[in-house]
Amino acid sequence: MSVYSLIVDLQLAGKLVIIVGGGTEGTRKVKSILGQNCKIVVVSNRLNKFLLDLVEEGKIDIIKTTLKDTTILDRFEKPFLILACTNDRSLNRKLVKKAKEIGAFAYAADDPAVSDITYLAIINIRDTVFVAISTKGKSPLMARTLRIKAERVLKRLIKDDDIEYIKLSNFARDAAKRTLKNSNMRKEYLYTVIKDKNIKSLMERKKFNDAKNTAMRILEKWQ
Numbered sequence: 001m002s003v004y005s006l007i008v009d010l011q012l013a014g015k016l017v018i019i020v021g022g023g024t025e026g027t028r029k030v031k032s033i034l035g036q037n038c039k040i041v042v043v044s045n046r047l048n049k050f051l052l053d054l055v056e057e058g059k060i061d062i063i064k065t066t067l068k069d070t071t072i073l074d075r076f077e078k079p080f081l082i083l084a085c086t087n088d089r090s091l092n093r094k095l096v097k098k099a100k101e102i103g104a105f106a107y108a109a110d111d112p113a114v115s116d117i118t119y120l121a122i123i124n125i126r127d128t129v130f131v132a133i134s135t136k137g138k139s140p141l142m143a144r145t146l147r148i149k150a151e152r153v154l155k156r157l158i159k160d161d162d163i164e165y166i167k168l169s170n171f172a173r174d175a176a177k178r179t180l181k182n183s184n185m186r187k188e189y190l191y192t193v194i195k196d197k198n199i200k201s202l203m204e205r206k207k208f209n210d211a212k213n214t215a216m217r218i219l220e221k222w223q
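Take the sequence shown: its position 131, counting from 1, is numbered 131 in this note's numbering, and each next residue is one higher.
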């Protein structure tokens, strides 16, 4: 029987994320969540230059210690996500177990089977379109290989015009949420904006501000 995964985008803003381990894998995980506007704490007995620079910049906090058990997690109040990235498989499993006991999402870098989440290979197109590729932890190497292949194709398929239409749709959606209380009306309004011939002409001529103004005039008729 096939088992389907639920791919979700965790909203980390304002949340506490603890990364245990400051080696290659831990550093990679730090990089993956920088810019998510969350509080990042790295627990490690060694720090590389990249992590030290982030501490200096105030982007992460560090607890420098050698872990032998999971008691370090008792220091924190309501962590949202705990990433176990040490080179000790047994310790990683204990950290995952402890994380679940205190109500946090848990991840072990060397053991997807016990983790609540799986890191996906992400294709990022101009910070606007994100495509995830997953092997459900079976082969992270192949996931990255497939990402590289797919990225070449998608970056040819998704044009600048598509990105600008996404931005316009987001602008119109935010405006509609402020004025139209009915979700069906908002949806119909957004379809109207995307299909509007005048807006299409403005977008083709790269008159993006004029397209936004036209979208606002259309919205006025819906109020």
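Among the hints, erroneous ones may be present.
Below are the EDC-like pairs computed for lysine to aspartate or glutamate, each with C-alpha atoms no more than 16 Å apart in a straight line [said to hold, decoys possible]:
hint, residue 1, residue 2
1, 221, 188
2, 177, 188
3, 200, 161
4, 98, 77
5, 39, 56
6, 49, 25
7, 49, 61
8, 200, 162
9, 159, 204
10, 94, 127
11, 206, 174
12, 212, 151
13, 39, 57
14, 39, 69
15, 98, 116
16, 94, 110
17, 159, 196
18, 97, 110
19, 212, 196
20, 167, 151
21, 136, 162
22, 97, 111
23, 39, 77
24, 136, 161
25, 187, 174
26, 68, 88
27, 167, 204
Label-pair restraints from in silico Cβ distances [said to hold, decoys possible]:
hint, residue 1, residue 2, range
28, 78, 170, 29 to 37 Å
29, 74, 181, 40 to 48 Å
30, 223, 13, 29 to 37 Å
Rather than coming from a laboratory, the hints here were simulated on the basis of the structure.
Note that the coordinates shown come from a computational prediction; the quantities given were computed from them, not determined experimentally.
Glycine included, each C-beta is placed from N, C-alpha and C at the ideal position.
For the pair we were handed, residue 39 and residue 77, check the Cα-Cα distance against 16 Å.
holds, 12 Å
Run the distance test for residue 212 versus residue 196: straight-line Cα separation, threshold 16 Å.
holds, 12 Å
Pair hint outcome, residue 167 versus residue 204 [Cα-Cα no greater than 16 Å]
holds, 14 Å
Hint check: residue 221 vs residue 188, CA-CA at most 16 Å. Holds or violated?
holds, 13 Å
Range hint compliance [Cβ, residue 223 to residue 13, 29 to 37 Å]:
holds, 31 Å
For a C-alpha distance cap of 16 Å, please report whether residue 94 and residue 127 respect it.
Violated, at about 36 Å.
Holds or violated: residue 98 and residue 77, Cα atoms, limit 16 Å.
Holds, at about 13 Å.
Taking 16 Å as the top limit, are the C-alpha atoms of residue 206 and residue 174 close enough?
Outside the cut-off at roughly 21 Å; violated.
Check whether the Cα positions of residue 200 and residue 161 lie no farther apart than 16 Å.
Roughly 10 Å separates the two Cα atoms, so the pair holds.
Are the Cα atoms of residue 136 and residue 162 separated by 16 Å or less?
The given pair, whose Cα atoms are some 30 Å apart, is violated under the 16 Å limit.
Does residue 110 lie within 16 Å of residue 97 when you go C-alpha to C-alpha?
holds, 14 Å
Verify the proposed pairing of residue 39 with residue 56, using a straight-line Cα cut of 16 Å.
Within the cut-off at roughly 15 Å; holds.
Checked against the numbered hints above, the structure breaks hints 10, 11, 12, 14, 17, 20, 21 and 24 and satisfies the rest.
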